[in-house]
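Participant: Listed here are the chains, written in short residue letters.
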Amino acid sequence: MFFLRRSLATSATADALAIESDSGSPAKEFKIMSGVILSRPPIITPEQTAFSKAYYHYQSELYKRMSWTFPYWFYYPKGTLAENEYTRVQPKLNEKDPDVLFNRDRNSKQDVVFPPRSVQRETEESARIYAKIVPNPRTTIADEENNIRSLERKLDRTLYLIVKRDGESLEWSFPATTIESGENLESSSTRMLAQYGGEDMNIFLVSGTPALYYKDVYESDGKYEGAKIFYLKSRIFNGLFKPQKESGIVDYAWLTKEELSSYLDKQYWRKVAGALSKQ
Amino acid sequence: MAFFKPSFGTDLRRQSTAFFQCRSLHSSAPQFKSPVSIVHPVHHRVRYKKSILHPKYQTLLTIPKWDPRSHLFKPQAVQPSRVKTHWETTLAPDLMLANYSHNELKLRGRKHQEWDGSSPYHVNRPLRSPAGNAMATPDILPRTFRTVPFVTSIWVNTFNHRAVTEHAERNIPSTVMIQQITGVKPAPAYSGVSIMQWRLRKERNVGAVVEIKGAKKDQFLATLVEVVMPRVKDFQGIANSSGDKFGNISFGLDPEGVRLFPEIEGNPDLWSGITGLNITFVTTAQTDPEARLLLSSLGVPFYGRERFHNVPNLDGTKQTRKKGVVYYENSQE
Amino acid sequence: MSLHQLSSMFWRRSQTIISRTAFQSAAVSRIPQPLHNFEVSGVKFTHGSLEVTRGKRTKSGGSSPQKIRLVNMLSLIGRVRKAPYRLKLSYEDLLRHRTIHRAWQLVKRQERESRNTELMTQYQKIQVACDELEKASPELFAQAMDKPKSLRFPPEYRIPTETPPNVSWDSSWKKATLPQVK
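Chains U, L and D supply the protein sequences, listed in that same order. Start counting the first sequence at 372; every next residue gets the next number (the numbering used here). Start counting the second sequence at 26; every next residue gets the next number (the numbering used here). Start counting the third sequence at 65; every next residue gets the next number (the numbering used here).
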């Protein structure tokens, strides 16, 4: 098996090579291969910039100032225990102030204070339900370790799978395979993913339409002049990519778009970058 | 000629329609009628509040919308929208690829047709109705990065039958309910038809309607998909047969489902006589299957047999339907 | 005044407020709404508050708790007595607001443009790939273009949350194996 034995020359020289071989020896064919851009979609919302945080804060303060008075008389009806609890928590305003109406100063912002939820009898279940929710941290252990093989890294970004397979040149690329007889792009790429990474991945192939094309010209003489690789796009939702023994995968990594630029070969990156998402 | 003479105290709208029909030569003429009658005596068929034309209100119009002095100013960007970000980062590229069709052409919809001029009466006659004697349909543009579908707005409306049979005040709880669920001020909904068996009369206030847009729409969508739909008993999803052929999908939620909205579920004692909701997703999808794909990507389940109305063939060829009617034809022919 | 009349009065107000004409809404939001004190079968509706006159008898036999509840509910619709005073900013504050707004618009615009460019590049990549596939192998191209009419995305497409779920990634996912039938 050989894969991506790519000349380090520019595409122009690669084309020149192709022409030479065309004119000299009997015409050689390009091998058609299928590949997969396997990505993990973001799990959390993108990180906010300091400016957007400040803007949203400004807007929410304006919202509080301009929003209508909270209709507590509906949610805490008059003469009920709930009303007592509600009024107990509220800040006391001077009712004689003409600006105050329904316990709200109409010239300033309104911060609605809710009474704590009263639970009549503390059971295990109610304690679990009404326990204070502590949000999980947005960064994980994989982030701290910068574990590029983990799928729990950079939860707010799209992560792309690249692999390194043993061949003549060991280089990072998206996984690809030759199309065997009777296969199409879709079936060969599904077969390849199971062959390379095992069955235990919950994968969705977005479409049978290729999302990317890459033409690889081989340096050394062989049966083929090069390879035309058509990449399909797919998403992983659960499970792990576990390199299989006979697949020849030496290494693999889950990386964001800008990280890919330092891992991939320059020429390959230039052709591939356009099909990837920044976030 | 007493027939043409307008008499006051009767339904002006009906009268003017009849008036127009009498004057026109073709049955499709009333749909081109003007809102203002131009034949004496002139009546405005739209009511104007003349007081608002006073010059003292003119300055209000010059204040831009973002200015806090403007009556239209609303501080709405309180937090980033999860749904919108999701669509931008993940869904839009995937939908574009899934919907992609190579070298697609614009498909022309059914349009009003010219008269052939075989009769002298064809001069100045309104255009002939589209083929198949149905309404005109929009063109279907090639599916590119510019036509990736998204949800533009959601319409929610409720019909309260007790407002018909018992008293109009029964509308109040369902109206308030719709406002608390969506966060948008509702407008009254009127019945369009009379149904004797339901004791329903036309133009009666029988419910409320709301159009949700922007951040509130995203919030409503997320609540619906994440909180409500998974907990509705025996909920299969939206019927695949739903849709208006132009990318708008509707479904109904029964009162049990409405009770699962957090606003209702948190204070169940305050609400009595909860009514079901009719929910319509208005999308920029050009056909129903595209709209269903979009909604399924947002987590909405579907069930049942699918209908493929108005779906052009992928190769851009003519598509014919029953009765031999050409619904779409190639624009480059 | 009957409850029905009262509700229709609210409707009229709400209708004018939600009207789309700039003229109308301009006028309505600026004109102070005249408020009358009225009574609905024992429930007194005054400018400042909602009172229940105790012990008052009316022809219909007094206000039922349901009616009080309905009047209470009606008060949720509309800005009457709930709207705060107009926000008055100084000239400096208005300038600040304008600067913030324009900076936000600029950032949003840049984001939007970069996003559109990205989507356009992805689209061009798809086009090129399809063109090349058609040239390289028409059979494979035909198979790639032969999509099922009914497409669906799986429910695993999850709307991202602000913080991750308790299990941020399910590593132990196994492919479901069908039980073997003899």
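No lab work stands behind these hints: they were computed from the structure. Note that this is a predicted model, so its numbers are computed, not measured. Even glycine gets a Cβ: it sits at the ideal position worked out from N, Cα and C. Accuracy of the hints is not assured; some may be wrong.
[Unchecked claim] Simulated restraints, written as ranges between beta carbons of each label pair:
#1 L:P280 with D:P243: 51 to 59 Å
#2 L:L166 with U:T494: 34 to 42 Å
#3 L:G157 with D:E220: 35 to 43 Å
#4 U:T494 with L:K74: 53 to 61 Å
#5 L:G291 with U:G553: 52 to 60 Å
[Unchecked claim] With a cut-off of at most 25 Å between alpha-carbon atoms, the simulated DSS-like pairs for lysine-lysine come out as follows:
#6 U:K435 with D:K146
#7 U:K642 with D:K199
#8 U:K480 with L:K99
#9 U:K449 with U:K467
#10 U:K435 with L:K238
#11 L:K210 with U:K480
#12 D:K172 with U:K628
#13 D:K211 with U:K467
#14 U:K480 with U:K467
#15 U:K480 with L:K270
#16 L:K210 with D:K146
#17 D:K199 with L:K270
#18 D:K239 with U:K616
#19 U:K424 with D:K211
#20 U:K399 with D:K199
#21 D:K146 with U:K599
#22 D:K172 with L:K109
#23 D:K211 with U:K435
#24 L:K270 with U:K435
#25 U:K637 with U:K402
#26 L:K99 with L:K109
#27 D:K131 with U:K467
#28 D:K152 with U:K402
#29 U:K435 with U:K424
[As the list claims (entries may be wrong)] Derived coverage of chain U by chain D (criterion: at least 3 residues anywhere in the stretch with Cβ under 8 Å from a Cβ of chain D; other residues may be distant):
#30 432-445
#31 463-474
#32 505-515
#33 547-553
#34 604-611
Participant: Each hint: holds or not?
Facilitator: Each hint tested on the structure:
no., hint, in the structure
1, L:P280 with D:P243: 51 to 59 Å, "violated, 40 Å"
2, L:L166 with U:T494: 34 to 42 Å, "violated, 59 Å"
3, L:G157 with D:E220: 35 to 43 Å, "holds, 41 Å"
4, U:T494 with L:K74: 53 to 61 Å, "holds, 60 Å"
5, L:G291 with U:G553: 52 to 60 Å, "holds, 58 Å"
6, U:K435 with D:K146, "holds, 13 Å"
7, U:K642 with D:K199, "holds, 19 Å"
8, U:K480 with L:K99, "holds, 14 Å"
9, U:K449 with U:K467, "holds, 21 Å"
10, U:K435 with L:K238, "holds, 20 Å"
11, L:K210 with U:K480, "holds, 21 Å"
12, D:K172 with U:K628, "holds, 22 Å"
13, D:K211 with U:K467, "violated, 72 Å"
14, U:K480 with U:K467, "holds, 19 Å"
15, U:K480 with L:K270, "violated, 47 Å"
16, L:K210 with D:K146, "holds, 14 Å"
17, D:K199 with L:K270, "violated, 36 Å"
18, D:K239 with U:K616, "holds, 19 Å"
19, U:K424 with D:K211, "violated, 43 Å"
20, U:K399 with D:K199, "holds, 16 Å"
21, D:K146 with U:K599, "violated, 67 Å"
22, D:K172 with L:K109, "holds, 13 Å"
23, D:K211 with U:K435, "violated, 50 Å"
24, L:K270 with U:K435, "violated, 42 Å"
25, U:K637 with U:K402, "holds, 22 Å"
26, L:K99 with L:K109, "holds, 19 Å"
27, D:K131 with U:K467, "violated, 30 Å"
28, D:K152 with U:K402, "violated, 72 Å"
29, U:K435 with U:K424, "holds, 17 Å"
30, 432-445, "holds (count 9)"
31, 463-474, "holds (count 3)"
32, 505-515, "holds (count 5)"
33, 547-553, "violated (count 1)"
34, 604-611, "holds (count 5)"
Against the hints set out earlier in the document, violations occur for numbers 1, 2, 13, 15, 17, 19, 21, 23, 24, 27, 28 and 33.
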